[in-house]
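Undergrad: Next come the chains, spelled out residue by residue.
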Amino acid sequence: MPRDPSPSYRLPSFDDKPALVKLVIIGGIVACVAAAFAWTGGWLSPGKVTPARFVNAFETDNGHHPGFRRNHAKGVCITGTFASNGAGAKLSKAVVFENGSSVPVMGRFALSDAVPDVSDGPKHVRSMALSFRLPDGEEWRSGMNDIPVFPFATAQDFYDLLVATKPDPATGKPNPDTVKAYFGGHPKTAGAIQTIGSHPFPSGFANASYNGLNAFRFIAADGTVTPVRWSMVAVDAFAPEAAEAPSTDKNYLFEAFGQRIAQGPVQWHLVVTIGKPEDPTKDATIAWPDDREKVDVGTLTIDHTEAEADGNCRDINYDPLVLPSGIEGSDDPLLSARSAVYAQSYKRRSGEEKTPSAVQINDTAKAP
Amino acid sequence: MNQPFTIFSRLLHWLMAILILAMLFIGVGMVASLTDYGWLVQIHKPIGALILVLVVVRLINRLLHPAPPLPTGMPGWQRFAAHASHVVLYVLMFALPLVGWGMLSAVHTPVVLYGSLHLPPILPADAMLYAKLRTAHTVLALLLFLTFLAHLGAALMHALIFRDGVFDSMTSGRNQS
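Those sequence lines, one after another, are chains L and V. So in my numbering, spot 191 of the first sequence is number 191, and the numbers just go up one at a time. So in my numbering, spot 73 of the second sequence is number 1073, and the numbers just go up one at a time.
Label-pair ranges, simulated between beta-carbon atoms:
id	chain 1	residue 1	chain 2	residue 2	range
1	L	Val-163	V	Phe-1080	43 to 53 angstroms
2	L	Asn-56	V	Ala-1136	16 to 26 angstroms
3	L	Ala-36	V	Ala-1136	18 to 28 angstroms
4	L	Ala-309	V	Trp-1039	26 to 36 angstroms
5	L	Ala-31	V	Phe-1094	20 to 30 angstroms
6	L	Asp-136	V	Leu-1019	23 to 33 angstroms
7	L	Thr-195	V	Leu-1113	39 to 49 angstroms
Just so you know, these hints were derived from the structure itself, not from any lab. Every residue gets a Cβ at the ideal spot worked out from N, C-alpha and C, and that includes glycine.
Can you build the whole structure from these sequences, using the hints too?
TA: What follows is the structure, given as structure tokens:
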């Protein structure tokens, strides 16, 4: 860069055309960097579905409920332990699968609805979220549902449904024509919802089995990668849910779980399904064939439940991409989208004033 | 402007310039993306930790090898702006990774660097504390980006308009007169 022997620190005058050109170039460079930043941040693309706009859609459809999750809003905390039987160690080097490993688990049961005081009822999808606390400070979080497939292959499909089911201001209900048009344009979702609706729902939380639905990758100690899906399979015997709500109690499903756990710990087997190369890992609307190899890798024992409160499951973001070494996300686009939207929901609710959950069961009355 | 920055100082400056600019774009991009959030968050954490290590090295280096004096002809307000913006840059280079580390600690999320290697928490789990730190992380990042834009504009002014050797002291270093 040639150096001026006696530099002037004034802006160039209007007569100094070459210097003015340089000034414009400098302004242009700075403006381009600023514009690139704004574009990257989505501010120049109002039509882009960002995590914030996704959460806005939940709030538009279901109302704003400060302090609560924007989806799966009504829930209760559960705690216990996961004991590995060692069978998972050949698939994944995660320490949680070592033979004899036992780790504390902080979990949550919820209804999949976005309204925190919704009434329990038939055909409400239930979820189990878990945070495995590994001994060296690693963590494994998973959110699972008691349905065989997920209704959406992509976040866009989910978002489109939220838009299509936006309440009509005139009726307070979604416009049936819009909803019909949505399903016409989203055959995968229509098919998945049919699969979900035709599978038998269990009568409670304790006898429900919960499926991870998204595919993950298990990394073995020798580097072998295995595509997997996992499930928490109930030990309590399956009983089908009645067509009508068995009680007028708004929280009968949660109350029943409180009574069940008061009688003793509730258990699930963590069953890992091993995918074959032809099994889709990036489409959660498609179940893998029933004959795929399944490995029981350990037992989850839940021995305590309590209402959501400061510092318990309420304050955990069950982000499916918080994973220990030995487990990785697959190419399923829902994983990144869930992670992003959960973070946005958490960001909003964590700073809001909290009100007590509609579910206030706890097992403190349980005999020691 | 009689001597340039040392080679090590220049190396640190340009390495961190690339990392910090990349991190600002990664950060603002990931929170606006459903599809790329996962992998961007994954690289955001180790790069943030690397920047924190580098800024410690850089501060020590700066104390051992102070910046060359500004040209004597520079007006007072420009000297003040230069010094103040550098103080802001240093404070933010420390604050952003620390706030990021702190906010993840406040939600009990391990800051995974690679494989099972992760940073220990530096704060207790506390959702309300998280909310405050999360907001601070955004505000400070935007402030860092604005300070960077001012820094970039000022550097180009020195290079193209003032031509006083300040820009060269951080680039070629061949400006000893």
